[in-house]
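> Heads up: the sequence lines are chains C and B, in that order. Note that the first sequence covers residues 1 to 73 in our numbering. Note that the second sequence covers residues 1 to 651 in our numbering.
Quick caveat, the hints were computed from the structure, so don't treat them as lab data. All figures in this text were calculated on a predicted structure; none of them were measured in a lab. Among the clues, some could well be false.
[As the list claims (entries may be wrong)] Heads up, simulated EDC-like pairs for lysine to aspartate or glutamate below, C-alpha to C-alpha not over 20 Å straight-line:
no. : chain 1 : residue 1 : chain 2 : residue 2
1   : B       : Lys-92    : B       : Glu-224
2   : C       : Lys-39    : C       : Glu-70
3   : B       : Lys-329   : C       : Asp-48
4   : C       : Lys-42    : B       : Glu-117
5   : C       : Lys-39    : B       : Glu-224
6   : B       : Lys-149   : B       : Glu-133
7   : B       : Lys-513   : B       : Asp-583
8   : B       : Lys-513   : B       : Asp-288
9   : B       : Lys-50    : B       : Asp-130
10  : B       : Lys-233   : C       : Asp-48
11  : C       : Lys-39    : B       : Asp-70
12  : B       : Lys-33    : B       : Glu-45
13  : B       : Lys-149   : B       : Asp-86
14  : B       : Lys-50    : B       : Glu-168
15  : B       : Lys-92    : B       : Glu-106
16  : B       : Lys-228   : B       : Glu-443
17  : B       : Lys-329   : C       : Glu-5
18  : B       : Lys-646   : B       : Glu-570
19  : C       : Lys-42    : B       : Glu-443
20  : B       : Lys-149   : B       : Glu-76
21  : B       : Lys-149   : B       : Asp-130
22  : C       : Lys-39    : B       : Glu-106
23  : B       : Lys-202   : B       : Asp-284
24  : B       : Lys-158   : B       : Glu-177
25  : B       : Lys-92    : B       : Glu-117
26  : B       : Lys-228   : C       : Asp-48
27  : B       : Lys-47    : B       : Glu-525
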Amino acid sequence: MTLTELPIGCDARVISIKGTGRITRRLMEMGVIPGVGVKIVKMAPFGDPIEIRVRGYSLAMRRSEANAIEVSC
Amino acid sequence: MDDNGHKRQLTIALAGNPNAGKTTLFNSLTGLKQKVANYPGVTVERKEGKWLLNGTTANLIDLPGLYSLDATSLDEQIASGIIRGDQPGIAKPDAIVAVVDATNLERNLYLVTQLFEFRVPVVIALTMIDAFEHQKHEIDVEMLSAQLKSPVVAINAKTGRGINELAEKVQKVVGIEPVVPYILDESADEAGPNGRIFSRYKFISNAVQESVWHSDHKQHQISEKIDKILTHKVFGLVILVAILLLVFQTIFSWASLPMDLLELGFGAAADFARVHMPAGILTDLLVDGILAGVGGVVVFLPQILLLFLFISLLEDSGYMSRAAFLLDKLMSGVGLHGKAFLPLISSFACAIPGIMATRTIESRRDRFATIMIAPFMSCSARLPVYTLMIATFFAGQSVLGFLSLGAVLMLAMYALGIAVAIVVAFILKRTLLKAPPPPFLMEMPPYRMPNLRTVFQNMFTRAWLFLKRAGTVILAISIILWALMYFPRSSDPLIVAPLDEQQAVQPESEQLKNSFAGKLGHAIEPVIQPLGFDWKIGVALIASFAAREVLVSTLSIIYSVGKDQNEESETLISAVRDAKTDDGRPVWTPLTALSLMVFFVLAMQCMSTLAVVRRETNSWRWPVFMFTYMTVIAYLGALITYQGGKALGFG
């Protein structure tokens, strides 16, 4: 499933990140790389953006970016 | 030592992630001895200061806050250029101090691994160590240093912990060829361009595992608790609205007290000069040109200082990212970043601090789009114009029997500005500022107590930059506008026999009519006639370029009721109402007034804003573009209002 489909609070692991562009690269530089643990902390009032926790810090991203991240729970 | 045996001044670069405590360390190392400028041709801020290192001075360069050095953004290009020694005017750094947040070690170390690859000696300054230890985690600084093969110093800029040791370590590493403590797996590169990222993080995870012991104490627990309320779907929004209201109230109304005092002060200085200097061109230049110009610049200071007090507090405490998180959906609808909200709200008080506040938006395109639409927010300088028009033509009327027409019109003007801003933002983001949308990846830093020193330093730096960069342009244009209205001099009405008695009591009005500004008003009359304006309104439009509210005093002069009238004075209101064209028809109709109001909502009638846009975009192209497109939109808006109204049988 993609990160957007992940239920809130579930400890998941990143499997892959789709694409090769700038967004993919930026996500990986921020520490979101295959194998790392992630979870969704919360969503903004209109369901977008979402806040995730990765490598011990909080990162907000839009659903369009989260869609590129494949995870398993 | 250089060839002549002189001790060469060291150049040290300060690098680090945003929110890692870099600014606090920079302020603490350099004190107040810092210079802020822009790198040539770009809007990236260049900050330098002197750092006293046990007897020698080093030039400390504060690199922009960075997550990576892959040169995908302008900040990253500039930073990697400096580290390589390619940036003109800056010597290649002898060493880099890498600021690393201990509570967020892995991601902060990513930048450090990239710094290693530049083969410049790196000393790691570990910040937030007290917060880290407070959470019962432990970090073995020596082990971390051994893993990274570089000195690591735990510091606290506030208490001074580790600052001397940092200086020693920096002096020690200068001149030593550094070792990259891991092998970049080039074979991973074959799998894709991101193989290097894997190699770096693999090394980091290992180094952190060896040197850090995490307790079960959950990290960021306090922040999570605060966030439960502050980013709550209902309470979060309520608190956000309350904070925005407070900011708005402060710059809109509380700033007016110091602003009024400043205006009184400059008025008194002008009176003093009038009394104690001989009447003549020099006194007129000093009073109406220079004093009025300087006054027009410093009057913005209270708003700028107060707004930046709030912005610094909101940024430093970590709340700004939460506000952007809450509002991003709303703002992304028009293609803007969540952080555009505060600058736009502030622009309802005044676009100048609002435009300066866009600095919090990292993406250049998002930032420029926000700057370009900020002046559409109806600022406080437009209020006197709206008030005069409403008081003159729409007072005492009502809509649907209970709504005051004046209030409805006022609201309509605000709404018109917002609506046009949305349309323009939408178009700009698809044309001039078109780009693949920058990834919205925003760190939500843990809440922290703002550092008051950083807050105040930021406030005063902004105010000073405004005075230095925008102030000079504003002063220059003030003097030009003064000269346009002052020259050529009419013959002295006391010497030349007046043609009629009325003319003798209106030298000021006559002077304005015969001045270059008056002639310009005549010249543009054919252009503005379709909007319902005559040449006298044209003169007032030209004069109000100094500031929108000048329209009121210029109309007072040109209608010979004395320039001390304000927008609610009966004399001016009846003078406007009674103004006649040469063939005896009234100049003003309610439709003319409406057309003028629409023009003022949309036109770029503010040289101070243009001066600030010049400063913030570091180019004259953007202010010229802003002036042009807003004037065109304002012209069309007023044209549609006036001609449409006439076609519908009004006016």
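> Now, for every hint given, state plainly whether the structure supports it.
Quick rundown of the hints versus the structure:
no., hint, in the structure
1, Lys-92/B with Glu-224/B, "violated (42 Å)"
2, Lys-39/C with Glu-70/C, "holds (12 Å)"
3, Lys-329/B with Asp-48/C, "holds (6 Å)"
4, Lys-42/C with Glu-117/B, "violated (37 Å)"
5, Lys-39/C with Glu-224/B, "holds (14 Å)"
6, Lys-149/B with Glu-133/B, "violated (23 Å)"
7, Lys-513/B with Asp-583/B, "holds (19 Å)"
8, Lys-513/B with Asp-288/B, "holds (17 Å)"
9, Lys-50/B with Asp-130/B, "violated (27 Å)"
10, Lys-233/B with Asp-48/C, "holds (12 Å)"
11, Lys-39/C with Asp-70/B, "violated (27 Å)"
12, Lys-33/B with Glu-45/B, "holds (16 Å)"
13, Lys-149/B with Asp-86/B, "violated (26 Å)"
14, Lys-50/B with Glu-168/B, "holds (16 Å)"
15, Lys-92/B with Glu-106/B, "violated (27 Å)"
16, Lys-228/B with Glu-443/B, "holds (17 Å)"
17, Lys-329/B with Glu-5/C, "holds (18 Å)"
18, Lys-646/B with Glu-570/B, "violated (28 Å)"
19, Lys-42/C with Glu-443/B, "holds (14 Å)"
20, Lys-149/B with Glu-76/B, "violated (25 Å)"
21, Lys-149/B with Asp-130/B, "violated (24 Å)"
22, Lys-39/C with Glu-106/B, "holds (17 Å)"
23, Lys-202/B with Asp-284/B, "violated (72 Å)"
24, Lys-158/B with Glu-177/B, "violated (32 Å)"
25, Lys-92/B with Glu-117/B, "holds (15 Å)"
26, Lys-228/B with Asp-48/C, "holds (17 Å)"
27, Lys-47/B with Glu-525/B, "violated (49 Å)"
Checked against the numbered hints given earlier, this structure breaks hints 1, 4, 6, 9, 11, 13, 15, 18, 20, 21, 23, 24 and 27; the rest are met.
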